[in-house]
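The task is simple: from the sequences and hints, build the whole structure.
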Amino acid sequence: MITKSATPGTSELRSIVLLAGANNRNRGITGGLMFNRNYFGQVLEGDQSAVSELFCRIAKDPRHRDVVIVEASAVNKRLFQRWSMGLAERTETAEEVNSSFGLDHGFDPSRMDAGKFTAYILEMVTLEEQLVSVVIPI
Numbered sequence: 001m002i003t004k005s006a007t008p009g010t011s012e013l014r015s016i017v018l019l020a021g022a023n024n025r026n027r028g029i030t031g032g033l034m035f036n037r038n039y040f041g042q043v044l045e046g047d048q049s050a051v052s053e054l055f056c057r058i059a060k061d062p063r064h065r066d067v068v069i070v071e072a073s074a075v076n077k078r079l080f081q082r083w084s085m086g087l088a089e090r091t092e093t094a095e096e097v098n099s100s101f102g103l104d105h106g107f108d109p110s111r112m113d114a115g116k117f118t119a120y121i122l123e124m125v126t127l128e129e130q131l132v133s134v135v136i137p138i
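When the sequence shown is numbered by our numbering, its final residue is 138 and no position is left out of the sequence of numbers.
Simulated from the structure, these hints should not be mistaken for laboratory data. Every residue gets a Cβ at the ideal spot worked out from N, C-alpha and C, and that includes glycine. One or more of the hints may lead you astray.
[To be verified] Below, in silico cross-link-like pairs of lysine to any residue (SDA-like), each with a Cα-Cα straight-line distance of 25 Å or less:
#1 K116 / E71
#2 K77 / D113
#3 K60 / Y39
[Said to hold, decoys possible] Label pairs and their computed distance ranges (CB to CB):
#4 S100 / K60: 34 to 42 Å
#5 N23 / E92: 30 to 38 Å
#6 R37 / P62: 25 to 33 Å
#7 A50 / S99: 34 to 42 Å
#8 R25 / V75: 17 to 25 Å
#9 G102 / A22: 33 to 41 Å
#10 D104 / L79: 20 to 28 Å
#11 R63 / R25: 15 to 23 Å
#12 E92 / S49: 38 to 46 Å
Dropping the structure here:
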């Protein structure tokens, strides 16, 4: 999913991810969320009805606009073992990942297909040490 959003501050981002982590843990949802001051890019995993309900809430939230579903499909195994959020700013890690994905001008999910989008978010939340994250018990 890709959304454009008003630019939240760092403390608001931390609050968002902590609240989302607690809510998602209760619903059995895991995933990754990237933000770069222009776009939010998000992968959600879990029970189809729980993920659909969450997506509908996000789409109705007035802070988001231009919400796009990149792909919706069933998977056999979760890629994200916890709920994670990365701020894709100009860190060394982000620059290396952007380069390896051919994103010379930074994170731009509108230039990615579903597979590349998911792989990018997984790579970022796996490598970036400055993630705001919530551990989700499995």
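We went through each hint and held it up to the structure:
no., hint, in the structure
1, K116 / E71, "holds, 11 Å"
2, K77 / D113, "holds, 20 Å"
3, K60 / Y39, "holds, 17 Å"
4, S100 / K60: 34 to 42 Å, "holds, 35 Å"
5, N23 / E92: 30 to 38 Å, "holds, 32 Å"
6, R37 / P62: 25 to 33 Å, "violated, 19 Å"
7, A50 / S99: 34 to 42 Å, "holds, 35 Å"
8, R25 / V75: 17 to 25 Å, "holds, 19 Å"
9, G102 / A22: 33 to 41 Å, "holds, 36 Å"
10, D104 / L79: 20 to 28 Å, "holds, 25 Å"
11, R63 / R25: 15 to 23 Å, "holds, 22 Å"
12, E92 / S49: 38 to 46 Å, "holds, 40 Å"
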